[in-house]
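Based on the provided sequences and hints, a complete structural model is requested.
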Amino acid sequence: MQELDLLKKHWNQQKDFPKISKEEIQKMIHKKSSSIVMWIFVISIIEFIVLNLLSYLYSFKEQNEIELKGKPLYFLVDYIDYISGLTSIVFIVLFFFNYRKISVATSTKQLIAQILKTKKTVNYYIYTNLIIIGLVIILATINYIPWTNSNINFKQSIVFLALMAVFSALFILLIWGYYKVIYGLLIKKLMKNFKELEKIDSDN
Amino acid sequence: MCDTLDMNKHLEPEFITLLDNNQNLIHKVCRLYTVDEASHKDLFQEISIQLWNAYPKFRGDAKFTTWAYRIALNTAISLYRKKKRSIDTTSIDFSIHKFEYTEYNEEEEEQLKAMYKALQELNDIEKALVFLYLEDKNYDEIAETLGISSINARVKMNRIKTKLKQLLNP
Chain A
4 MQELDLLKKH WNQQKDFPKI SKEEIQKMIH KKSSSIVMWI FVISIIEFIV LNLLSYLYSF
64 KEQNEIELKG KPLYFLVDYI DYISGLTSIV FIVLFFFNYR KISVATSTKQ LIAQILKTKK
124 TVNYYIYTNL IIIGLVIILA TINYIPWTNS NINFKQSIVF LALMAVFSAL FILLIWGYYK
184 VIYGLLIKKL MKNFKELEKI DSDN
Chain B
22 MCDTLDMNKH LEPEFITLLD NNQNLIHKVC RLYTVDEASH KDLFQEISIQ LWNAYPKFRG
82 DAKFTTWAYR IALNTAISLY RKKKRSIDTT SIDFSIHKFE YTEYNEEEEE QLKAMYKALQ
142 ELNDIEKALV FLYLEDKNYD EIAETLGISS INARVKMNRI KTKLKQLLNP
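One line per chain: the protein sequences are A and B, in this order.
Under our numbering, think of the first position of the first sequence as 4, with each following residue one higher.
Under our numbering, think of the first position of the second sequence as 22, with each following residue one higher.
Simulated from the structure, these hints should not be mistaken for laboratory data.
Quick caveat: nothing in here was measured; it's all calculated off a predicted structure.
Fair warning: there could be bad hints in the mix.
[Claimed, not checked] To be clear about the criterion: a stretch of chain A counts as covered by chain B if any three or more of its residues have a C-beta under 8 Å from a C-beta of chain B, and this derived list gives those stretches: (1) 5-18; (2) 36-49; (3) 101-111; (4) 114-127; (5) 195-206.
Glycine is no exception: its CB is placed at the ideal position from the N, C-alpha and C atoms.
Following this line, the structure appears as structure tokens:
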């Protein structure tokens, strides 16, 4: 391709770049990085903190201990603090382990894969917590219905169940919206480039 | 911690000299991946930070330039986030206007301008392939840098050439 040869010649003659002095370089290298990895790190830490705070909200076993005893999955409520504490520790360790493995000096494909793997650790943490929160909500709902009472107020129960369903749908929508925004901002470009690299190897 | 700081202090002048001597390499990556001067400087800064952070692990068994190419491209492709600016600078197309074409005749200048414009139409990975090709890297090196197979790097480069031809003659 003749145009490409011409471009190659011109490309290698380029000298019209803004000259950056050694002093400017020295200042630059001590500035804070604003890379995608840095943002993922900060956002992940915030997500860990927020979810840990949330776990305090759903550890309501003290006030509900008497009513819940003998109900199905009671053990989940009984050990909720330990379960959520343990999942937090496991995921935080996994997150730091994956984060430390990110190296900008590896191949592009490996680098993107490692960044995505790190972010996925936080996602799995969030999913695990959502499942726990979901189970606790279901347990609370089961507990609310007076099974042993012969005068079950069906109308009241249905209204309550409907409200719970609406609340859960809104909650899921909120989480979905949050992910759309975060992924749109951070991961979209990485996913696109990763898919492009995979396509190169699978197309041929 | 103190040892790391001391080591970094010791490495800093040596690193700054190396970066200064090879700054054209980084400028070329910036020129390919950004379209305005402010973004060019942002990306230059981010690449410099990434190079400096990775420098203590640079063993010297590879050439500084080979190592720097990889980090500069990886930063542009995977780490750099374009900042939102109040003015839409994409329409200015800095890259084309700022180039010097003194040695070239009018026809060649037009061809070059069309080529640089076509380059901006490529995606991030295609740009990386073209960049390494223009820098005279062989397909093994291109493949290793991107993490794809050597044969596929060659096939992809041929496809990019076809794409560029189509962009030049729509």
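Quick rundown of the hints versus the structure:
1. 5-18: Coverage by chain B holds here, the residue count being 11 at a Cβ distance below 8 Å.
2. 36-49: Our answer is that it holds, as 6 residues pass the Cβ test (under 8 Å) against chain B, meeting three.
3. 101-111: Coverage by chain B holds here, the residue count being 6 at a Cβ distance below 8 Å.
4. 114-127: holds (count 3)
5. 195-206: Answer holds; 7 residues pass the 8 Å Cβ test.
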